[in-house]
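Once you have looked at the hints, place chain B on chain A.
So you can see what is in the structure, the chains are spelled out below.
Protein chains: 2
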Amino acid sequence: MKIETRKQEIVSAASILFKEKGYSAVTMRDLAKAMGIKAASLYNHIQSKQEILSTIIIELAEEFTTGMDKIATSRDSAIQKLENIIDLHIDVTLRNADGLASLNNDWMHLEEDNLQYFEKMREEYEDSFREIVRKGVDEGEIKSFNIEIIVFSTLSTLRTLYLWYPKQKNIDANILKHDMISVLLKGVV
Amino acid sequence: MKIETRKQEIVSAASILFKEKGYSAVTMRDLAKAMGIKAASLYNHIQSKQEILSTIIIELAEEFTTGMDKIATSRDSAIQKLENIIDLHIDVTLRNADGLASLNNDWMHLEEDNLQYFEKMREEYEDSFREIVRKGVDEGEIKSFNIEIIVFSTLSTLRTLYLWYPKQKNIDANILKHDMISVLLKGVV
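Going line by line, the protein sequences match chains A and B.
Each residue of the first sequence is one higher than the one before, counting from 8 in my numbering.
Each residue of the second sequence is one higher than the one before, counting from 8 in my numbering.
A portion of the hints provided could be inaccurate.
Identical copies carry no separate label here, and so any pair may be met within one copy or between two of them.
Said to hold, decoys possible - Under the rule of at most 27 Å between Cα atoms (straight-line distance), these lysine-lysine pairs were calculated in the BS3-like manner:
#1 K14 to K45
#2 K77 to K150
#3 K176 to K150
#4 K127 to K176
#5 K193 to K150
#6 K176 to K142
#7 K45 to K28
Please keep in mind that the hints were generated in silico from the structure rather than gathered at the bench.
Next comes chain A alone, as it looks inside the complex (with noise of 0.2 Å):
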């Protein structure tokens, strides 16, 4: 059990709201309500909505951004490289599936700044997870399809989870991560 500050309290009441709600529909006061407070000791807090949206975003792609760094330039094989990655999705979506519904659904809200470092955070992401593939196809590890397809079979399952795996009752995290892992590269023929 981690010991929540008052911000990191609003930042997790927001990103339900956000999730129900969409972000631009989520105004401050329903949040104080949401909390049981007023909306005046929300600003001690935080300064906007805006300022929720982008911690709650930011801190995300920057976890993603990590993980793939260390993953992208470990001395793994290519395979072990999509099996850590992965995990990594499946890990950040344990322990934030709120978070990544605004990430998925309201990162254009962003503000200019916020949104060129995300977009730029984003592509970079995008760009690591092509070089793997694309290393593993020439290096023979991983077959040789074509590498946008397997790219976007991949994450586009990965980036969905948020929204299917808190439905699941009776899917252990370990069993998603085994299950996932074969599924996802080994097939299931």
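Then chain B, alone, in the frame of chain A:
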């Protein structure tokens, strides 16, 4: 080149606007403007924005339902059935990626009867998919992983194809079908 009726032209133009701005943000006036006609003359062909939305979504959902019924009741192997499902999604995406954006983003704006009809079709579609996988696993044709993980891994990719494929310039439809079937069913390792 197919000849479109006036109603089909309206539906096509609306699909593009709904994709760009979302159903709720589009007015009949926007639609008339995009088509270069007067708003009043739209009503010679359709009754409401809701009628346009339900035409887009229900036609697509019925197309998936008819396709799935044919696949599910055939005497093909489970693997062949899964290949046919992937083909079905690719064919519909190639033909109507704009409409699929409405189906994915705006289905919840359908009104009462159409909403229930859509949700029933979607549920039956997923059930048929699940049954094909379950039978394949039972008969040893498909590897024995968690069935929900197999269904989610495949459907999450097929359902977001409409977002990704229109941005790909260099992937021929036949390569898409071949490589996607291989990647989703046989894996990349």
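**OP:** Give me the numbers of the hints this structure contradicts, sorted from smallest to largest.
**Re:** Violated hints: none; all satisfied.
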